[in-house]
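Number of protein chains: 2
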Amino acid sequence: MFVLMVYDVDVKRVTKVLKIGRKYLNHIQNSVLEGELSPAQYQKLRHEVMKIMDPDHDSVRFYLLRSTKYLTIEKLGVPSRPGDAGAFL
Amino acid sequence: MFVLMVYDVDVKRVTKVLKIGRKYLNHIQNSVLEGELSPAQYQKLRHEVMKIMDPDHDSVRFYLLRSTKYLTIEKLGVPSRPGDAGAFL
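Chains A and B, in that order, are what the protein sequence lines are.
Residue numbering for the first sequence follows the numbering used here, starting at 156 and increasing by one per position.
Residue numbering for the second sequence follows the numbering used here, starting at 156 and increasing by one per position.
Because the hints were derived from the structure by calculation, they are not lab data.
Check before you lean on any hint, since a few could be wrong.
Each pair may be met inside one copy or between any two copies, as identical chains are not told apart.
[Claimed, not checked] Below, computed lysine-lysine pairings styled on BS3-like, alpha-carbon distance capped at 25 Å: (1) K230 x K206; (2) K230 x K199; (3) K230 x K167; (4) K224 x K167; (5) K174 x K224; (6) K178 x K167; (7) K230 x K178; (8) K206 x K178; (9) K206 x K174; (10) K199 x K167; (11) K199 x K174; (12) K199 x K171; (13) K171 x K206; (14) K171 x K224; (15) K206 x K224; (16) K167 x K206; (17) K178 x K199.
None of these values were measured; they are calculated from a predicted model.
So here's chain A without its partners, still in its complex pose (with noise of 0.2 Å):
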């Protein structure tokens, strides 16, 4: 499934944040991450960031698309970071 990971994390915390993400995900933008993960690398990852997330500080949200069927994803701007999902829908 397609899965868009966007973080709101205190910047003691972001580092970590990131580093996780990375290891699942393509990071596309400042706070963004992107990419095709199975269900279980997703509850993984999940697992991961809550580990480490203060929930009483930070957000963190993840949009999950079973399908990318009724998705566009429109880019403006400066080229994103490589690994940009976008270049295959």
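Using the hints provided, position chain B relative to the given structure of chain A.
Below, chain B alone, put in the same frame as chain A:
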């Protein structure tokens, strides 16, 4: 359609881009907005953003979903800002 907007723009233009985004979408997280728009509304939003952003330095991505049939949003941590569209998905 469901529209998710994520932006990474120079601090000089952040306030303006956010202000435009909020005319059309709900501000959900730092640099993330989402909501339901008609195709015409989306074109207006896109047009206004393009007028403000610097395409050589800024990046704005729109994820357009013509149906939310396959979409799930998982939220971890602090409650989102008011207007969080996740509530009805």
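Going down the list of hints, with the structure as the test:
no. : hint        : result
1   : K230 x K206 : between (32 Å within a copy, 15 Å between copies)
2   : K230 x K199 : between (29 Å within a copy, 16 Å between copies)
3   : K230 x K167 : between (30 Å within a copy, 20 Å between copies)
4   : K224 x K167 : neither (38 Å within a copy, 37 Å between copies)
5   : K174 x K224 : neither (29 Å within a copy, 31 Å between copies)
6   : K178 x K167 : within (19 Å within a copy, 32 Å between copies)
7   : K230 x K178 : both (24 Å within a copy, 20 Å between copies)
8   : K206 x K178 : within (15 Å within a copy, 36 Å between copies)
9   : K206 x K174 : within (13 Å within a copy, 34 Å between copies)
10  : K199 x K167 : within (22 Å within a copy, 38 Å between copies)
11  : K199 x K174 : within (14 Å within a copy, 36 Å between copies)
12  : K199 x K171 : within (15 Å within a copy, 38 Å between copies)
13  : K171 x K206 : within (11 Å within a copy, 36 Å between copies)
14  : K171 x K224 : neither (33 Å within a copy, 33 Å between copies)
15  : K206 x K224 : neither (33 Å within a copy, 30 Å between copies)
16  : K167 x K206 : within (14 Å within a copy, 35 Å between copies)
17  : K178 x K199 : within (10 Å within a copy, 37 Å between copies)
In this structure, the earlier hints numbered 4, 5, 14 and 15 are contradicted, and the remaining ones agree with it.
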